[in-house]
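Trainee: Residues per chain are reported as follows:
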Amino acid sequence: MPDSASDRRFPLPSEIADVPGADGWRSMYPYYTRFQPEDDGRFWFYNAMHFPEPMPAFDAITAELPYTALGANTARMFVFPTTLGIEHRIVNGRVYITANPVTDPAEIERRLAVFSERAGFYYENWDELYQGWVGRITELIAEVEQVEVPTLPEFEDAAVVFEARGVPQNHYVRENYHRVLDLYSKMWHYHTEFLMLGYGAYVVFFEFCKASFPEISDQDVARMVAGVDVVLYRPDDELKKLALLAVEGGVDDLFTEGSDPQKVLAALAERGESGQRWLAALEEAREPWFNMSTGAGFYHHHRSWNDDLTVPFAALPRYVAQARRGELLERPTEQLRAERERIAQEYRSLLASEEERAAFDQMLGLARAVFPFVEDHNFYCEHHFTTKFFNKVREFGRLLHAWGLLPEAEDIFQLHHTEVDQALTDVMLAWAAGGQPTGRTHWQQVVAERKRTLEALKQWSPPPALGPVPEALNDPAVRMLWGITAETIESWARPVEADEREVRGFAASPGVVEGTARVLLSANDIGQVREGEILVCPVTAPSWGPVFGKIAAAVSDIGGTMSHAAIVAREYGLPSVVGTGHATKRITTGQRLRVDGSRGIVTILD
Amino acid sequence: MHTSAYVGRFPELRLTDRPRVGGKGASLGELTFAGAPVPPGFVVTTDAFEAFLRAVDAAGEIRAEIESFDAGQTGPIAEAAARIRRRIEAEPLPQDVADAVVCSYRELDSESDMPGEATPVAVRSSATSEDAEDASFAGLQDTYLWVRGAQSLLEHVRSCWASLYSLESVSYRRRLRLPEHDLAMAVVVQRMIDPRCAGVMFTRSPLTGDRSLVAVEGSWGLGSALVSGDVTPDRFTVGKVTGEICARTISTKARQHRMDPSGSGVVEEDVPEYLRDEPCLSDEEIHELVRIARSVEAHYGAPQDIEWAISRNFAPGKNIFLLQSRPETVWASRENKPLATPKAKAFDHVVALLGGAVVRGGGA
Numbered sequence: 002m003p004d005s006a007s008d009r010r011f012p013l014p015s016e017i018a019d020v021p022g023a024d025g026w027r028s029m030y031p032y033y034t035r036f037q038p039e040d041d042g043r044f045w046f047y048n049a050m051h052f053p054e055p056m057p058a059f060d061a062i063t064a065e066l067p068y069t070a071l072g073a074n075t076a077r078m079f080v081f082p083t084t085l086g087i088e089h090r091i092v093n094g095r096v097y098i099t100a101n102p103v104t105d106p107a108e109i110e111r112r113l114a115v116f117s118e119r120a121g122f123y124y125e126n127w128d129e130l131y132q133g134w135v136g137r138i139t140e141l142i143a144e145v146e147q148v149e150v151p152t153l154p155e156f157e158d159a160a161v162v163f164e165a166r167g168v169p170q171n172h173y174v175r176e177n178y179h180r181v182l183d184l185y186s187k188m189w190h191y192h193t194e195f196l197m198l199g200y201g202a203y204v205v206f207f208e209f210c211k212a213s214f215p216e217i218s219d220q221d222v223a224r225m226v227a228g229v230d231v232v233l234y235r236p237d238d239e240l241k242k243l244a245l246l247a248v249e250g251g252v253d254d255l256f257t258e259g260s261d262p263q264k265v266l267a268a269l270a271e272r273g274e275s276g277q278r279w280l281a282a283l284e285e286a287r288e289p290w291f292n293m294s295t296g297a298g299f300y301h302h303h304r305s306w307n308d309d310l311t312v313p314f315a316a317l318p319r320y321v322a323q324a325r326r327g328e329l330l331e332r333p334t335e336q337l338r339a340e341r342e343r344i345a346q347e348y349r350s351l352l353a354s355e356e357e358r359a360a361f362d363q364m365l366g367l368a369r370a371v372f373p374f375v376e377d378h379n380f381y382c383e384h385h386f387t388t389k390f391f392n393k394v395r396e397f398g399r400l401l402h403a404w405g406l407l408p409e410a411e412d413i414f415q416l417h418h419t420e421v422d423q424a425l426t427d428v429m430l431a432w433a434a435g436g437q438p439t440g441r442t443h444w445q446q447v448v449a450e451r452k453r454t455l456e457a458l459k460q461w462s463p464p465p466a467l468g469p470v471p472e473a474l475n476d477p478a479v480r481m482l483w484g485i486t487a488e489t490i491e492s493w494a495r496p497v498e499a500d501e502r503e504v505r506g507f508a509a510s511p512g513v514v515e516g517t518a519r520v521l522l523s524a525n526d527i528g529q530v531r532e533g534e535i536l537v538c539p540v541t542a543p544s545w546g547p548v549f550g551k552i553a554a555a556v557s558d559i560g561g562t563m564s565h566a567a568i569v570a571r572e573y574g575l576p577s578v579v580g581t582g583h584a585t586k587r588i589t590t591g592q593r594l595r596v597d598g599s600r601g602i603v604t605i606l607d
Numbered sequence: 007m008h009t010s011a012y013v014g015r016f017p018e019l020r021l022t023d024r025p026r027v028g029g030k031g032a033s034l035g036e037l038t039f040a041g042a043p044v045p046p047g048f049v050v051t052t053d054a055f056e057a058f059l060r061a062v063d064a065a066g067e068i069r070a071e072i073e074s075f076d077a078g079q080t081g082p083i084a085e086a087a088a089r090i091r092r093r094i095e096a097e098p099l100p101q102d103v104a105d106a107v108v109c110s111y112r113e114l115d116s117e118s119d120m121p122g123e124a125t126p127v128a129v130r131s132s133a134t135s136e137d138a139e140d141a142s143f144a145g146l147q148d149t150y151l152w153v154r155g156a157q158s159l160l161e162h163v164r165s166c167w168a169s170l171y172s173l174e175s176v177s178y179r180r181r182l183r184l185p186e187h188d189l190a191m192a193v194v195v196q197r198m199i200d201p202r203c204a205g206v207m208f209t210r211s212p213l214t215g216d217r218s219l220v221a222v223e224g225s226w227g228l229g230s231a232l233v234s235g236d237v238t239p240d241r242f243t244v245g246k247v248t249g250e251i252c253a254r255t256i257s258t259k260a261r262q263h264r265m266d267p268s269g270s271g272v273v274e275e276d277v278p279e280y281l282r283d284e285p286c287l288s289d290e291e292i293h294e295l296v297r298i299a300r301s302v303e304a305h306y307g308a309p310q311d312i313e314w315a316i317s318r319n320f321a322p323g324k325n326i327f328l329l330q331s332r333p334e335t336v337w338a339s340r341e342n343k344p345l346a347t348p349k350a351k352a353f354d355h356v357v358a359l360l361g362g363a364v365v366r367g368g369g370a
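Chain order of the listed sequences is A and B. Just add 1 to the spot in the first sequence (first one is 1) and you have this note's numbering. Just add 6 to the spot in the second sequence (first one is 1) and you have this note's numbering.
Extracted from the complex, chain B is given alone in its bound form (with noise of 0.2 angstroms):
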């Protein structure tokens, strides 16, 4: 096994790792480690990065160059941000980087479901910034998806790091002012998978907040046909304690976002008559994503909000996966206060109660 400073495997990462993984990167590490089946991965680092930029630019040109922009000089900015990007498409990896990126590809590949066949990746880039949440880089940067082979994966890495020198980019960081050299990428690989349906869920009621409830949301392919409102989704949800699935709507899913393995996009169709108002996930399949969705929250210690996705390809109890797990916050604000607190004897609750019913009513 490769180690190198220039990646990071999901299952050696965690959130503190953010500054050279980024948030991205550290978040999946996490999950990983919190023992979800995450698609297996790995994470370019700042340091691979950092290593390429002192490889094009040793003297620190092209940082000193945008800090002289001013946000409102379009014009130049475009200029410079071409050239730059266009510096760094010219550039070879330096050798060590290239060797660690193929070497823990390479990794992913043999483990692969496809023999013979190069590993799909989504490649993705996860920038970090000592004085901004990555949140506001967020769609700033690209992501390529079925990325095949060692060779298209290093052109890809590399694209992502020329994507830090988009126009948008560089204009966003100037009206911000955010110092060029805090700025760092890391480029998450991740294996692809191709989901028959996929959705969200959350740990606790989204309608109540009830902490004893998962809810669980799927539609047919993609999960973004359902975030982007195209379908209406089946729903189901399910007792924590009780394991019971105590709801469940079955919606008419007319419409699917699919994978595209012959290109690198996605295809949106109509979902065939037959399947519309099938239950996109069967009980077991249920009851397992609970499963998973309570360790998560246990691992975290708060209500979580759960991307997941259930292959195509893989046989059934190893065709689960997760993509993102974040803290529910919509009902987490509310929460702050408690709705009881220990009094000094059990019954003074009752007094409490007792004494207190028709003050509320009649009093007030």
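Extracted from the complex, chain A is given alone in its bound form (with noise of 0.2 angstroms):
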């Protein structure tokens, strides 16, 4: 690590080693990611908040298109006057990203007249266009679900001949397969629309907020504007209303701590009416509520809750309990409602002048503006189309399993998406010539070899940057998106605390409290949590929602105070530590722990 000033820089790119028994990592992306020689004299830092974990090849997508789509936003259609786009790279399977700024004082002058008129425009019309918004992205989501996987069968089907269509199924495998990336690249452009214009608004207000008062927590800030009504507090809400049914109708015994969900729903089905009542509601429930992501959307392998019961069953048995005590209760929408804006107006009151309660009132209006779209877009982005999008993915993965070329129909995920078009390819060529296609071992070999190389990706620590530390660093996406900030880098670049029992990371939620360790490093074994334990984990994601109900506190190595988990915590009022950087490193599960989320400090008790 840098300590003078004059050398003070990070890790170069072109110094990076290949992690050993990994050095085939650069087969899994394509060119366009690689680092450049000209690279090294540039800072990047690694995206650590949406890509904890080596990418399986396939995933390489859930970085490629978000940056197709960001720096599009901000560079080209809104004309942002300081940024332009985000660079990514990626090296021993992790994420590296640097955003390209605007400096020169006149260029900035241009771009603002655009950026004006046009942001305005958005500002102006702010509801009416995100109502539109949630039509289109709606309609996108039906759209991916409904796309076709072609069967291949062996004649075609007839109407094709008697209609007079002309264009056999082996067409619609690469047209259908095209179609589904296509959609995917336009969720993200719909998710960047009103992604920047949105944290804007919000970073204006709170800036005034810690400008006006200095010692305002960001929890503070942030309940002024959050809303109630939020669709990600949906999914829980749906499980409340679960468990209060299964109380109702006499089925609760059956919901206990750590239980199978598929036992639990068998033993439903043996329960007469009532149990079939439960189930209908759950089925009821699952469309659109349960299509949450386990992480936070960017990887495969983090299956929905459709996908899995097991995060939402595991949450049930404390809501079956509170029911049977009638202590669940719905959320009081109106008395949060009343506090929010109690706050607000306390806050107002405090201001020092009139003028600063009028800019106040602007900068408060136009963040509740901007702020469902904030709130709500993972649930329609991140969770419902991109379960729908990874599950229409492993539709293609069935083909090419059924054709030999994969040995699972999961594995379809450890090619890159151009090299599933290869497949694709061999597989509308053999169904036409009636032979075999011609990559069977090619490909087996391929996913092997890649599973080994992810496996040993793992085991690397991956520094926070790369490159010379930046002499200013202002972009406004990398201050709003991943609340990087100058002090940030200059605490990257200062060696591990010297107290050895500490960890330190952002005060999420405040409170301070002792307990268990549980220590969960993928999001599929959340159903290993235990009533009080406290979470750690890489990074949490909303729909860990319920858990939140049966632990302590939660400490995650991933995310701001800005971050839904944070949010999260906060809904629940426990304790949480956010963006601690290696908590999950330096904890092992079963340690007694404080957390206190009022500083930010988790100690090792043991």
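Worth flagging that the hints you see were computed from the coordinates, not collected in a lab. On a predicted model such as this, the values are computed, not experimentally measured, just so you know. A hint or two may mislead.
What the hints assert, rightly or not - Quick list of simulated restraints, FRET-style, between CB atoms:
1) S260(A) with G41(B): 57 to 63 angstroms
2) G235(B) with S523(A): 29 to 35 angstroms
3) P278(B) with S260(A): 56 to 62 angstroms
4) E275(B) with G327(A): 36 to 42 angstroms
5) P333(B) with E208(A): 25 to 31 angstroms
6) Y280(B) with G327(A): 29 to 35 angstroms
As the list claims (entries may be wrong) - Derived lysine-lysine pairs resembling BS3-like cross-links, with alpha carbons at most 27 angstroms apart:
7) K264(A) with K242(A)
8) K459(A) with K586(A)
9) K242(A) with K551(A)
10) K551(A) with K586(A)
11) K211(A) with K324(B)
12) K452(A) with K586(A)
13) K551(A) with K264(A)
14) K349(B) with K211(A)
15) K343(B) with K211(A)
Said to hold, decoys possible - Going by beta-carbon spacing under 8 angstroms, a handful of chain B positions derived as facing chain A:
16) I251
17) S288
18) F353
We put the CB at the ideal spot given by N, CA and C, even for glycine.
Dock chain to chain to rebuild the complex, using the hints, since each chain is given by itself in its own frame.
Mentor: Below, the structure is given as structure tokens:
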């Protein structure tokens, strides 16, 4: 790590050695993700927030398309004055990014004129445009669900002949695969459409509050803006309704800690009318509310509640117990609304002047107008759409498996999306020719090799940043979306803290609590969490909401105080420390911890 | 109830009464009016002083003599001041003034918590002058603690008046060439309280100026231990909006200043071992102090710097008292420009932020 001012730099990209046993990683990602020699001169940071694990080859698309969309939005559509877009590179399976700033004052001036007009249009018509957005994204979700994956029958469907359509199924293998990717691309364009403008409006209010009340907590700023009818809370609300229904119908005895969801479902089917009624209610809730990824929506293996009922079922025993005691009440929305208003009015009245109060009103009004998008877009995009997207890709995986190109359907995710294109072409040709695909051995070897590579890559601790320490870091995207400032980079450049028993992060939700650690490296293990434990994980995701009902505190490696994990922790009133960097490496399951969510400190007690 | 131009009870006084009750008296009156739990009391007004002075010196010789001195004439001033003080201390109060003072004292006494004992009061001079801020008189006049009984009170009121004619006080006025006829002396009479603990609070953060916080500092005994730096106080920070005690530092409080009810003074002593590391305030007391501080701040419409005390003799709920409140000045003086002003359109704020961030860093 750097220590003198003249030589302040992180490791250079060219200095990163291959991870032992993983030197094949380059074959997983296309050439345009590779670091170039001239990249050594630029500052890069590891996007641990979105990509906390090494990227399976296919999942690299979850970096490629967001950056295609984000930059197009900021650089080209809205013409942000001080930033163009984000560039990304992959090394040892990890995604590093950098922003392209605009620094020439004349250029900023020229862009500002265009930006004001274009951004102004969106802000002025926000509600109407956002309603339109909800319609468009909902339609997009339906479209991706409806894409058909051809079955390639021995004889083409008769209708193709009798209706003179002329185009047989093997054509649609490629067209429909491309369509799935194209819809995913569009989803990301929709995602970024309002994103920077939304965060921008929030950050303006946030920074004004911080300037006016230097000691105000991030939570209190968020509490003035946060919505009450947040789509993201719905899945959890649905679980509570199911818990109430279980008690009402007298089937609540089936919901016990650690039970297998499939066995519970089977038992319910045997429980007569009330069992049937519960199962019907579950089916009702699943679409769309169980389309919640157990991660943040960037990895194929973070399955949704619908794909794996373990997560929602892990939360049910507690809710059922509460329902039995009559303690499971609906969220007091009126009270929450009144409280939000009280907090805002009190801070407003504490401002020093009428002018400031008028500015506060403008900023708060705008922040509240944009917040439905800020709070809800993750459900539509990363959860609902992405769940459908990965499952549609799985269907193509089944086709490739059926043609002997993959050991298992799931192995499609070991191929880059351009390689899937090749493998599908192999199938299209084989079906047409009446022969066999030629790539059977090739792809089987590739899949086995990549699984080994990924395992090896997991052992690597990526440096938080690469390249020279930048003189100034003001890129609004980097600041707003990743919360990275000059101070963050300073802290990365400093050696690890002296106190071995302390892990520091952001104070995300206040309170102090002691308990036993449960370290979860994969969202799929969430069923292991027991009542009263302290959850320690790489990144918490909104879908983990229900599990927050049984834990005593939450600690994450990644995330800021605006992250949804932090919001959910506050909603549940649990202490939470996020963005610790390496809590999962320093803490092991079973250790006693003290979590101080007011100061952002986790202490290992034994 | 006795009414007289010679006395003003705290609840009847406002800041605008300052010319007849002095700065200290007026501010305690205003604070009482604001609903704060100020120890009860009254002010012997400047009218009483004038009536007394007329009785002592109908011809106005005293004032004329003092005005005849130059500041440098220390010897003659000392001689005249001593002579005038003797004259004042020998003179009984005019009957109607004495009646008004005694009557007001009896009212305090009748509300005493220690029935049968004469209520102990503090007697403080509160001088006023049209030409000078009374702050400039601070320290030049006297305070008498633990005054008990009507007769003793009358003597101490007269002692306060006499203190206007101390060598220091007269020399000071001559140095500034202040006209004597503007000069008057009110006397504040206030029920004594014997603090279990005391301190100060600011209705904004002293560290950052944050107006959404109240900082409370306190230590055992009198607030003077804290003000003089004799002890490091406990410190609590409370969010006004959330009501949460968001930070607490409990210090080792080795020393305390304590009222000495047997004498007239203050004793400085070690705090008993078992109390040193204990918080001097309970959470309930902190919340109550903050509630009172906020209502005082709301009354004055500006952040306040408040002195408080908790009596050892009163039941919880009735034991908190405010001794003084004045506008906070350090951070107030820095607030000359608003942090933001309204713009033509709300989104102009965003345009300004996104357009300006890099100009600041890269351009300048």
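Trainee: Take the hints in turn and mark each one as holding or not.
Mentor: Each hint tested on the structure:
1. Hint check: S260(A) to G41(B), Cβ distance near 60 angstroms, so the stated range 57 to 63 angstroms holds.
2. In this structure, G235(B) and S523(A) break the distance hint of 29 to 35 angstroms, their C-beta atoms being roughly 57 angstroms apart.
3. The hinted range of 56 to 62 angstroms is satisfied by P278(B) and S260(A), whose Cβ atoms lie roughly 59 angstroms apart.
4. At about 57 angstroms, the beta-carbon gap between E275(B) and G327(A) misses the expected band of 36 to 42 angstroms.
5. For the hinted restraint 25 to 31 angstroms between P333(B) and E208(A), the CB-CB distance of approximately 28 angstroms keeps it satisfied.
6. Between Y280(B) and G327(A) the C-beta distance comes to about 46 angstroms, which lies outside the given range of 29 to 35 angstroms.
7. In summary, the hint linking K264(A) to K242(A) is supported, as the alpha carbons are separated by about 21 angstroms, within the 27 angstroms threshold.
8. About 12 angstroms separates the Cα atoms of K459(A) and K586(A), which keeps this hinted pair within 27 angstroms; it holds.
9. With a C-alpha separation of about 17 angstroms, the suggested pair K242(A) and K551(A) falls inside the 27 angstroms cut-off, and the hint holds.
10. The straight-line distance between the Cα atoms of K551(A) and K586(A) is roughly 23 angstroms, inside the 27 angstroms bound, and the hint therefore holds.
11. Between the alpha carbons of K211(A) and K324(B) the distance comes to roughly 37 angstroms, so the proposed pair goes past 27 angstroms and is violated.
12. Distance check on the hinted pair: K452(A) and K586(A) sit about 23 angstroms apart at the alpha-carbon level, within 27 angstroms; holds.
13. Our distance criterion of 27 angstroms between C-alpha atoms is met by K551(A) and K264(A), whose separation comes to about 22 angstroms.
14. Between the alpha carbons of K349(B) and K211(A) the distance comes to roughly 19 angstroms, so the proposed pair stays at or under 27 angstroms and holds.
15. In summary, the hint linking K343(B) to K211(A) is supported, as the alpha carbons are separated by about 16 angstroms, within the 27 angstroms threshold.
16. Taking 8 angstroms as the C-beta cut-off, the interface hint given for I251(B) is violated, the closest approach to chain A being about 11 angstroms.
17. About 19 angstroms separates the beta-carbon of S288(B) from the nearest beta-carbon of chain A, more than 8 angstroms, and the hint is not met.
18. Because the beta carbon of F353(B) sits about 4 angstroms from the nearest beta carbon in chain A, less than 8 angstroms, this interface hint is met.
Taken one by one, the earlier hints fail for this structure at numbers 2, 4, 6, 11, 16 and 17, listed in ascending order.
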